[in-house]
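Build out the structure end to end from the sequences listed, making use of the hints.
Number of protein chains: 4
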Amino acid sequence: MESRPEKLPRPGVPALDEILGRAFPVLDDGLVRVVDYMGDDAAIVQAARVSYGSGTKKTSDDRSLIRYLLRHRHTTPFEMCSLKLHVRVPMDAWRQWIRHRTASINEYSTRYSVAINSAQQTAGDQWRTQAVDNKQGSGSFLDRDTGTILSASEKAHQDSTRKLYQDRIDQGVAREQARKDLPLCTYTEAYWKMDLHNLLHFLALRMDSHAQKEIRDYATVIGQEIVARWVPMTWEAFHDYRFGAMYFSRIESGIIAAIGKGEAEEANTLAKAAGWLKPARNGGLVPNRERLEFSEKLRQLNLQIPWEQ
Amino acid sequence: MESRPEKLPRPGVPALDEILGRAFPVLDDGLVRVVDYMGDDAAIVQAARVSYGSGTKKTSDDRSLIRYLLRHRHTTPFEMCSLKLHVRVPMDAWRQWIRHRTASINEYSTRYSVAINSAQQTAGDQWRTQAVDNKQGSGSFLDRDTGTILSASEKAHQDSTRKLYQDRIDQGVAREQARKDLPLCTYTEAYWKMDLHNLLHFLALRMDSHAQKEIRDYATVIGQEIVARWVPMTWEAFHDYRFGAMYFSRIESGIIAAIGKGEAEEANTLAKAAGWLKPARNGGLVPNRERLEFSEKLRQLNLQIPWEQ
Amino acid sequence: MESRPEKLPRPGVPALDEILGRAFPVLDDGLVRVVDYMGDDAAIVQAARVSYGSGTKKTSDDRSLIRYLLRHRHTTPFEMCSLKLHVRVPMDAWRQWIRHRTASINEYSTRYSVAINSAQQTAGDQWRTQAVDNKQGSGSFLDRDTGTILSASEKAHQDSTRKLYQDRIDQGVAREQARKDLPLCTYTEAYWKMDLHNLLHFLALRMDSHAQKEIRDYATVIGQEIVARWVPMTWEAFHDYRFGAMYFSRIESGIIAAIGKGEAEEANTLAKAAGWLKPARNGGLVPNRERLEFSEKLRQLNLQIPWEQ
Amino acid sequence: MESRPEKLPRPGVPALDEILGRAFPVLDDGLVRVVDYMGDDAAIVQAARVSYGSGTKKTSDDRSLIRYLLRHRHTTPFEMCSLKLHVRVPMDAWRQWIRHRTASINEYSTRYSVAINSAQQTAGDQWRTQAVDNKQGSGSFLDRDTGTILSASEKAHQDSTRKLYQDRIDQGVAREQARKDLPLCTYTEAYWKMDLHNLLHFLALRMDSHAQKEIRDYATVIGQEIVARWVPMTWEAFHDYRFGAMYFSRIESGIIAAIGKGEAEEANTLAKAAGWLKPARNGGLVPNRERLEFSEKLRQLNLQIPWEQ
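Residue numbers (my numbering), protein chains in the order written: chain A, 1 to 309; chain B, 1 to 309; chain C, 1 to 309; chain D, 1 to 309.
Hint data in this document are derived by calculation from the structure and do not stem from the laboratory.
A couple of the hints might just be wrong.
As the list claims (entries may be wrong) - Here are the computed lysine to aspartate or glutamate pairs in the EDC-like style, where the Cα-Cα straight-line distance is at most 16 Å:
#1 D/LYS7 - A/ASP61
#2 A/LYS272 - C/ASP240
#3 A/LYS155 - B/ASP167
#4 C/LYS163 - C/ASP143
#5 D/LYS7 - A/ASP17
#6 C/LYS278 - C/GLU263
#7 C/LYS155 - C/ASP125
#8 B/LYS272 - D/GLU263
Claimed, not checked - Here chain B is said to cover these stretches of chain A; the calculated rule only asks that three of the stretch's residues, wherever they fall, bring their Cβ under 8 Å from a Cβ of chain B:
#9 43-49
#10 86-96
#11 103-113
#12 144-158
#13 178-186
#14 190-198
Note that the Cβ used here is the ideal one computed from N, Cα and C, for glycine as well.
Spelled out as structure tokens, the structure:
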């Protein structure tokens, strides 16, 4: 490795230092703020370059190297950066959050202390319908009149639940037991630390349109307000090569290649071999999820769909 | 390594095969059952012996080797065994459970499906008081009259909460949002898989008297009904060398050694140097948690406490 | 969850049981064999279905569900399966192998025992040239005459190294120190256990044409001889949706969509905005790795390359 | 949680900033230096206090809390700190090092670049004998005359190995293949990052007298030169409660308690029940490793050994 000075300044990111401790509000009573961090775009480049040793002549600039690393899933250099947040979040969103097992976490304990006196309240225009095409997601918003009624009954319910909790505490019930009937959306607080590689994975999943809106709101703030300031080159590359990426399977690539050379028949043969074009009794095709998903991708790419000619 | 036959039977544990799929009830509506497992006591021994190669002449029998491994914290051979459970557990206990990050988990989704219509109900004689000496724990039980009232109001509350949830579902609210006010003790179900090394760590923490009673009930069933059948030698060694173990710090060992040779004065000098014997204004000693905890250990061992002479 | 019988048979895979313990040879003196395993294709499906609860009506068959999971990177159900191998492998390939941190490992110790008396020998027709286009890889084979000389000097060198090692041992040097000059390609042995999700990641990286040939040989045997027998549906889906997959970035997808609708000019505008089409002094384009890699992908798909019109 | 200012300075440790980038030499040509870090003693305390919420009134000072956490193995707050080192280390010591799976690592690649032209050389007075009582360790030093001869032959061997490597490179052999016969003690370089909880575990194992001297030298420098400056309270507590700790099993504690109240007979009964006092044919006791290890601990504590009366 190249010779190095014997004394180094500690790496820092002024744009992030600027917002250390600033609370970014999320939902009705939640927040996210940066407590500390380690590393920057340059730290990623430094870690990647140790692999190449003297064999690489720094031909590529930092931005190109970061894009190369993310494009080719060379993930370890991104682990050299870490972010530590203080978050305030409803427990049901937190349940999804802590399924990411690579984080370090210290959370407010409702065994030690009385539960935080706040539960997430849904405004009258924020009640969502069950999605029709997505078994796990939300669709549009309910009408405001219905929503207003739902919000009122939620408020009454949360108040009575808190009263139940407080009564138990007053009667001397142990905190760890008294809490059992609190709403899933009761707020909690925590310190949460994660390295950048895993954080990008977290953001890719939780900023996605399939994520529940509540955690998506948090992920979006973390991404756009924090990661964008902290490692701007990585953030740009993440958007180009990860968040907006499309995947094509071996079969799908083969079909596109046939389409590319104008061989619709060959494309259909490949699809048939994959079992995607089984004729239905009524003359159309038996529904097939792989075919439908791929057709949707072809449509996005303005490529012709061979079996819809 | 020694020569081996070209065909091996798959390792199995008849005593565990016997209970595959059997539901062990926990709490009022919970359960634990074994779905599958990998390895046995012999697999641990096999893995440990590869390290020793031909240099070790199998002088020690399997039981002694397992005890040796656990005594000296040689933990990797225990990772060669894995256990997969199906559990049904209240979400508040589950929250503690999934903080163990080394597990593989698939859980029932209340985004995909209507929430399980069951929340943990506390019987009238099961309400616990806040512990006086332990900020996070429970003490004794509340009197039954108070408990009966608490149980009745819990029942009424859980019923009204379920009704609120069902109303939302009926109005078309998305399941992922409708659930937000369900009680923390709503039951969930999951498959949970963990290797034996991490499982022993889980059991050491969750069978401990400081763990919350609800998760302790689960951990006790997993330990006594399942692990005991699966890897009996490991289970015995765990009890001897891990679960019931006492630790002494460098300072504490030094003081015991002074007590051992009858040098109470030397023992007091060491304790003083550690800052444990600061005189209080009233003539006694300033309270010091390290000293108090150590005194308690000395009492358990029937050793004299130098500063209480 | 659906009701279940109280006694379940242990899941097993006859096709894999058939080869338990069978040594698959790799390289000149290496091997891989299955010692034990947990789970099968059905276990993946079972774990995935718990998430869906009663909300899913088993409309999709097992194969479609496994393909869906792999296509959409729903990785946790694959963690429910584990594989335990016994391997014999040169230490330099092993160094790459153990960088996968999610494995459980017990390895032969050259501190406890005399080092295995075998180092990987390269045959005269197996010496590879440095790749010209890939800084880390190999190209074609050296001519056999040169190779024969290289093999002879390797043999002589390995013999003299072993003699040096044996002399040290004979003189009473500690094994942990005596080994220090043994060749990096000295064979070692280990038990190695990994869950299927992480194993697929390992195989995707190590069966790849960019992996070093030695570890690729091991990965190929593990994939084709073992995983293919163990979880055939997953193995098929892995080939279709992971191993042979192509990725397109946000920018690349946008350019393809422009090509798809026949708008070469729009495609060029997008590429220009990405900084890919900087004119070189001599009239061509400044070399740009992102553009070159994408051009290569377009060529594979038989799509026209807008900037090469 | 308490209210907080909206702008926080970034935590830093001046004593560690002082040595950022300074190379601490290890072995004949190795080094360790700090590249970056995150957190300090205060960060550990901050993370621990979030669990206690408002229920704890900061009665305990930071030092006492850190000692409490380490004494009771509350390990998660220590994960809030991370350390990133640049190391230069022989590959055989590195092999032991990277078995710690919780680190983030980027290493010099001998596929990309020509191998570092340095292998660890052992001085004439540094050759160690095989330990007699420890199958895996070293004993005393060999006499200098023998050592001088061993060092000379090592030097000659390393020179010829390097020549062999260079010849291969000159002939056009791929770097990834040419390296295969380099000595295990060839130097490599890497960035290595780990959180403090896992680092303490690493240090407890690798500073231990049973660790191989080479890695022990590295661990000692990391501990004494770096961690001691970085988190002085944690370092002190680590020494008191972890590194110098003694463990007693359930059986051992029971025997000490019997000794404590002067009941040697009861102590012997307990030992007999544990199977430790089987009479040998010749009149003594059958050797028993658990008994021998415990006797050694009793001796250290100046407590009488009941079966040696």
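A quick look at each hint next to the structure:
Among the hinted pairs, D/LYS7 with A/ASP61 is inconsistent with the structure: their alpha-carbon atoms are about 34 Å apart, more than 16 Å. Between A/LYS272 and C/ASP240 the CA atoms are separated by roughly 15 Å; this keeps the pair inside 16 Å, and the hint holds. Restraint check: the Cα-Cα separation between A/LYS155 and B/ASP167 comes to about 15 Å, which is no more than 16 Å; the hinted pair holds. Taking the CA atoms of C/LYS163 and C/ASP143, the gap is near 30 Å; set against the 16 Å cutoff, the hint is violated.
For the hint pairing D/LYS7 with A/ASP17, the CA-to-CA distance comes to about 9 Å; that is within 16 Å, so the pair holds. Among the hinted pairs, C/LYS278 with C/GLU263 is inconsistent with the structure: their alpha-carbon atoms are about 20 Å apart, more than 16 Å. Our distance criterion of 16 Å between C-alpha atoms is met by C/LYS155 and C/ASP125, whose separation comes to about 15 Å. As the CA atoms of B/LYS272 and D/GLU263 are separated by approximately 30 Å, the hinted pair breaks the 16 Å bound.
A stretch counts as covered by a chain when three or more of its residues have a beta carbon under 8 Å from one of that chain; for the segment 43-49 of chain A and chain B the count is 0, and the coverage is violated. Three residues within the 8 Å Cβ limit are the bar, and the segment 86-96 of chain A against chain B gives 4, so the coverage statement holds. Using a Cβ-Cβ cut-off of 8 Å, 4 residues of the segment 103-113 of chain A lie near chain B, which meets the minimum of three, so the contact claim holds. Remark: the segment 144-158 of chain A is confirmed as covered by chain B, as 6 of its residues place a Cβ nearer than 8 Å to a Cβ of that chain, reaching the required three.
As drawn, the segment 178-186 of chain A meets chain B at 8 residues by the rule of a beta-carbon pair under 8 Å; at three or more, the given contact holds. For the segment 190-198 of chain A, the stated coverage by chain B is not satisfied: 0 residues place a CB nearer than 8 Å to a CB of that chain, which falls below the threshold of 3.
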